[in-house]
Structures are given as structure tokens and as C-alpha cells.
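So the protein lines, in turn, are chains V and S.
In terms of our numbering, the numbers along the first sequence are unbroken and rise by one, the last being 294.
In terms of our numbering, the numbers along the second sequence are unbroken and rise by one, the last being 581.
Be aware that one or more of the hints could be misleading.
Covered stretches of chain S, going by a simulated chain V footprint (3 or more residues, C-beta under 8 Å) [stated by the list, open to error]: (1) 315 to 324; (2) 334 to 344; (3) 395 to 407; (4) 460 to 473; (5) 497 to 504; (6) 510 to 522.
Simulated DEER-style distance windows between Cβ atoms [stated by the list, open to error]: (7) R551(S) / P211(V): 27 to 37 Å; (8) L114(V) / V539(S): 17 to 27 Å; (9) Y422(S) / W202(V): 55 to 65 Å.
If you are wondering where the hints come from, they were derived from the structure by calculation, not from laboratory data.
Heads up, the beta-carbon is just placed ideally off N, CA and C, and yes, glycines get one too.
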Amino acid sequence: MTALLQRYGIGLTGAILLVTLFWVIVMVLGPQLLMIDYSFRPNLPLNQRGGPEDVYTLANYATLFGNSIHLNIFIKTIWASALVTAVTLLVCYPIAYFLAQVVTPQRASLFVLLLVIPFWINEILRTFAWWIILAYAGPLNQVLQFLGLIDQPVRFLAGNGGVIIGMVYAYILFMVFPLYNAIESLDRNQIEAARDLGAPAWRIHTRIVVPHAKPGIATGCIMTFMLAAGSYAVPALLGSPGSRWFTEVIYDWFFQGGNWNQGAAYAFILLVLCMAFILGMMKVFRVGLGDIAK
Amino acid sequence: MSAARFLSLLTRVYLGLFFAYLFLPLAVMGIATFNESRFPTITPWQGTTLKWFDALAADSQMWSALWTSLIVGAGVIAVAVPVGVAGALLLNALQARTRSVAYTVMVSPVLTPGVIIGISTLIFWRPYGVTGGLLLMVLAQSSFIAAYVMLLVLARLQRFDRTLEEAALDLGATHMQAFRRVTLPFLMPSILAGCLLAFLQSFENYNTTVFVRGFDTTLTVYVASKVRTGVTPAVNALGLLLIAVTVAGAVVYEILRRAEAARAAERRRQAEAAEPPLVAATAASVA
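With the hints as extra help, turn the sequences into a complete structure.
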């Protein structure tokens with residue numbers, strides 16, 4: 001604190017502290033804590049709040065485990081998000097490796113610019129594009145029928161398939177960039193040396209590239225999983241009533257069921273899931289928060 | 295064909311497929327704008343038309359949604375950028391332990407699902423009678439966008455030469471003058487980049503906005519609701535225009551960022567060249 005005073009004087013230090021504290025307390029921590037508080041209270045009419053019935057309870061959490069439909073949706077959200085994460089990692093790794101280690105830096109910088117562009121385009125529009133492609137009479141069904149791969153058009157948008165395809169597309173760039181940044185910092189000489197010593201290609205990857213890229217892999221997986229599990233846009237556009245996502249259940253508690261306390265409990269469960277995933281990845285890959293938020 | 299040649303061919307094919315996968319969907323959406331069909335598709339092609347742009351221009355709901363988005367975007371810049379700068383200045387002056395705790399708290403909104411941020415903001419303001427609308431959209435979006443701005447400014451602040459600030463203070467400048475004349479100009483590129491980032495993030499946000507919007511509709515919310523309730527290629531026309539604007543914005547942002555990176559590299563080279571190797575080596579060994 002003295003360092004701050006010395007550098008910026010009393011007036012500026014006061015302003016810096018005030019603004020930052022407002023952010024941290026009123027915009028970040030306060031809302032989160034109140035949401036957790038909400039989740040442990042019953043949903044009461046306004047005049048009974050703070051009354052004798054307003055006691056802490058686990059009832060809102062018990063709802064999830066007593067409702068098999070919601071529980072199934074929750075479990076599906078977990079495995080589908082994990083699947084999205086795994087697929088994006090597999091798709092992106094070769095690209096990231098190629099751009100970071102194989103092509104010349106000038107070419108790589110052009111490719112990176114090409115990657116940046118779709119990254120900036122609205123998630124809703126990127127999802128809408130897939131809505132057109134996957135439609136019953138859409139181009140994908142037409143092409144597949146033309147190639148003779150299917151006889152009847154497939155209803156992609158009726159199940160979980162469309163949602164998963166859309167998510168891989170929507171979040172692929174959150175995987176590519178962390179991977180690329182991590183692999184790029186690897187000295188090419190190390191790969192050369194391994195090759196000269198006779199290591200086969202796969203071993204170069206398992207022994208040198210992947211260990212070096214750990215922080216990037218962890219970051220990419222964390223971002224992708226968090227975005228997928230917390231996505232409302234993609235399932236809302238590409239899903240159907242039969243393929244609901246956990247975020248849609250949460251939304252319905254708030255705006256259809258009108259039970260905010262129940263919704264808060266479900267939201268907190270989602271937050272705990274994401275935090276568990278983040279901590280798990282940080283442990284497995286032995287990386288810190290500083291490596292992730294770069 | 296040797297194994298190496300085959301592998302190189304394979305990589306090229308994969309690279310081509312990857313970029314096709316990235317851009318074809320956007321192309322399909324853009325091309326569908328010009329199809330006569332009242333349903334957005336490219337199959338079957340019912341004739342080429344520009345009428346969907348006219349339909350878009352006549353859509354008054356779209357214009358009011360655009361206006362809402364612009365107001366929210368401006369609000370987010372006004373809140374998230376000062377907050378992000380203040381956060382970075384504070385973090386930069388903290389010592390090891392406090393710093394890592396503060397860093398964890400201040401970065402956490404980036405790693406929190408957007409829906410949670412929307413929900414918690416909505417709940418937090420309910421006792422004060424503030425319901426969903428413009429104000430909550432600005433606050434909820436700013437809470438995580440400020441973290442992005444903070445990371446941008448912090449990265450630049452770490453390259454700042456503190457002796458410049460000390461020199462200004464020694465030469466009699468007040469703290470305010472030193473900040474305005476020395477620190478702030480140095481941070482300006484990252485602040486401008488932060489403004490652009492904040493606006494684009496705000497403009498495209500859906501997951502957080504949808505919980506705190508109340509009865510207001512931003513352009514992104516409008517597009518999503520159109521897709522769900524009856525879509526015409528006018529939405530494609532809007533998408534095409536948005537893509538054009540975003541691509542222009544992204545290219546400008548990227549050019550600024552690269553110019554900045556090149557200048558930094560140039561400065562480093564000059565600094566190294568100015569220092570005789572022996573002095574540099576001694577300095578390194580002392581450090």
C-alpha cells in the first residue's frame with residue numbers, strides 16, 4: 001500500500017482503491033455471495049421474507065437430486081461438455097503445432113490473423129450459420145444425400161448432436177490460441193535434436209511438445225469446458241425441447257417458474273462444477289492461475 | 295512417396311479442411327442473404343435478390359435493438375475501462391502474497407460462466423428495487439469485461455520503466471501531473487485496445503445479457519429471438535453487415551497490436567545495442 005502511495009500520491013491512490021473495491025465488492029464478490037445465500041433459502045412471498053420461515057435449508061439442492069429429468073440433463077451437460085472439450089483439443093492440436101513449429105513465422109502470422117477473424121464474430125451468428133447448415137432441408141442433408149451416404153434427411157436439430165457440433169465450432173478458437181501460444185515458445189532445436197537422435201514423430205510429441213504445452217492444454221480445456229457447460233446461446237438455438245441444457249433449466253427457474261432461490265441453487269451447482277473442473281485441470285497439469293489468464 | 299512427403303501432404307490437407315470448416319459456415323450464412331427464398335437457406339436457390347437488405351432497413355425493432363446495444367456498449371466502456379485500469383495499477387503495486395490473492399479474485403470473472411454473472415447481478419440488485427434493464431446490463435457485462443481490460447493494461451504496465459515516473463516526481467511534478475503526463479500516455483495504447491475490446495465483447499454478449507436485460511433487447515438478443523421464432527433472410531443481411539463491421543474492427547485491432555509489439559521489440563533491440571556487452575553481462579550477473 002505504501003508503494004501505491006509513494007507512486008501515485010494520496011488523491012490518486014484513493015481513487016484507485018475506491019474504483020477497484022467497488023468492482024470487487026459490488027460487481028464480483030457481493031453478487032456471488034448473495035446468490036449463494038439465496039440458494040439456501042426457501043422461496044417465500046415478499047411479506048414473509050426475514051420472518052420465522054426464512055431459515056437456511058438444503059431443500060433447493062435436494063430438488064435436483066429428487067428430479068430425475070433435471071439430474072439427467074445435468075449429467076448430460078457434464079459429459080457433453082467434456083466431449084466438446086476433447087474433440088476441440090484433438091482438432092486444434094495439429095493446427096496449433098503446425099502454425100507454431102512448422103511454417104515460417106511470416107506465414108504463421110497470416111494464418112493467425114485468419115484465425116482471429118471468426119473469433120471476433122458474434123457467437124450467435126456463428127451458431128446461426130450452423131442452424132442453416134443443419135436444417136432439415138439444409139445444405140448438409142442435400143450434400144449427404146447427393147453423395148448417397150443417406151437416403152432420408154437427418155433431423156440434426158432434434159437431438160444433442162446439433163448442440164455438440166455447434167459448440168465445437170463456437171469454442172474452437174478458445175482452444176487454438178492457448179495451444180498455439182504454448183507450443184510457439186518451444187525451442188525448435190529441441191525437436192531437431194530429438195529427431196536427430198532417432199525419435200519417431202509420435203514420441204517427439206508425447207515426450208517434448210505435449211509436456212511443454214501443458215499450460216496451454218490446461219487453459220484451452222478450462223476455457224472450452226467452462227464455455228460449453230455455461231452456454232445458453234448454442235443450446236437455445238440448435239437444441240430442441242428434447243435436448244435441453246442445464247443452463248436452460250436454470251433460465252426456466254428464473255423466468256418461467258419464478259423461483260429464484262431454486263434457480264440460484266442450480267446456478268451455484270453449475271459454478272461448483274466449473275470450479276471443480278478448473279482446479280482438477282490445474283492439479284493434473286500442475287499449472288497456476290497466472291499461466292491460465294494470459 | 296516418402297513418409298515425410300506424405301506427412302507434409304497430410305498436414306496441408308488437414309490445414310485446408312480446418313480453414314474450410316472455419317469459414318464455410320459463415321460463407322453459407324452470407325450467401326443465403328441473396329436467396330429469394332423467404333426461409334434462410336442456400337438449397338434450393340430460388341433466385342438472386344437484394345430485397346432482404348430493404349427488409350432489414352425497414353425493420354424498426356432491429357433499429358431500436360441496435361440503439362440499445364450502442365448505449366450498453368458505451369456504458370460498458372465507461373465502467374469497465376476505468377475499473378480495469380485502476381485494477382491493473384493496484385495489482386502492479388502490490389507485493390507477492392497480497393498480489394496473488396487479489397489477482398485470483400480479479401481474474402475470477404473471466405473463468406466464471408456468463409450465465410452465473412448475469413444471475414448473481416440480478417439477485418444482488420433486487421433488494422434495492424433495481425430490475426433487469428440498461429443499468430444491470432452495463433454492470434453485469436462490465437464485471438467480467440473489466441477483468442479483460444485489466445489483463446491488457448497489466449501486460450503493458452509490466453514493461454513500464456518506473457524511473458520515468460520517479461524522474462518526473464524528482465523534478466517537481468505533482469503525483470497527478472506525473473500520472474497524467476508520464477504513466478497515462480504510456481498506457482494509452484492498451485487503454486484504447488481495452489475500449490475496443492470492451493465494446494465488441496459487450497456487443498456480442500448473450501449469455502450474461504439474457505438474464506439481466508429485463509424488457510430491453512440488444513441486437514444480439516434480437517437476432518437470437520428471431521432465429522427461434524421465425525427467421526427470414528433479413529437476419530442474414532444483418533449478420534453479413536455485422537461480420538463486415540467486426541472484421542474491420544478486428545483487423546484494426548490486430549494491426550494496432552502488431553505495430554505495438556514491433557515497436558516494443560525495436561526498443562528492446564536499441565536498448566541492447568546501446569549497452570556495451572560487458573556492462574550488460576555484469577548487470578545480468580548482478581541481477
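Hint check results:
Counting residues of the stretch 315 to 324 of chain S whose beta-carbon sits less than 8 Å from any beta-carbon of chain V gives 7, enough to reach three: the coverage restraint holds. Counting residues of the stretch 334 to 344 of chain S whose C-beta sits closer than 8 Å to any C-beta of chain V gives 4, which meets the bar of three, so the coverage hint holds. For the stretch 395 to 407 of chain S, the proposed coverage by chain V is satisfied: 11 residues have a C-beta within less than 8 Å of a C-beta in that chain, meeting the threshold of three. For a cut-off of 8 Å, the count of residues in the stretch 460 to 473 of chain S with a CB near a CB of chain V stands at 4, and the three-residue condition holds.
For the stretch 497 to 504 of chain S, the stated coverage by chain V is satisfied: 5 residues place a CB nearer than 8 Å to a CB of that chain, which reaches the threshold of 3. Proximity of the stretch 510 to 522 of chain S to chain V, defined as three or more residues with a beta carbon under 8 Å from a beta carbon of that chain, is established by the 5 residues found. With their beta carbons about 29 Å apart, R551(S) and P211(V) fall inside the hinted range of 27 to 37 Å. Hint check: L114(V) to V539(S), Cβ distance near 18 Å, so the stated range 17 to 27 Å holds.
Taking the beta carbon of each, Y422(S) and W202(V) are about 60 Å apart, inside 55 to 65 Å as hinted.
The structure is consistent with each of the numbered hints, conforming to all of them.
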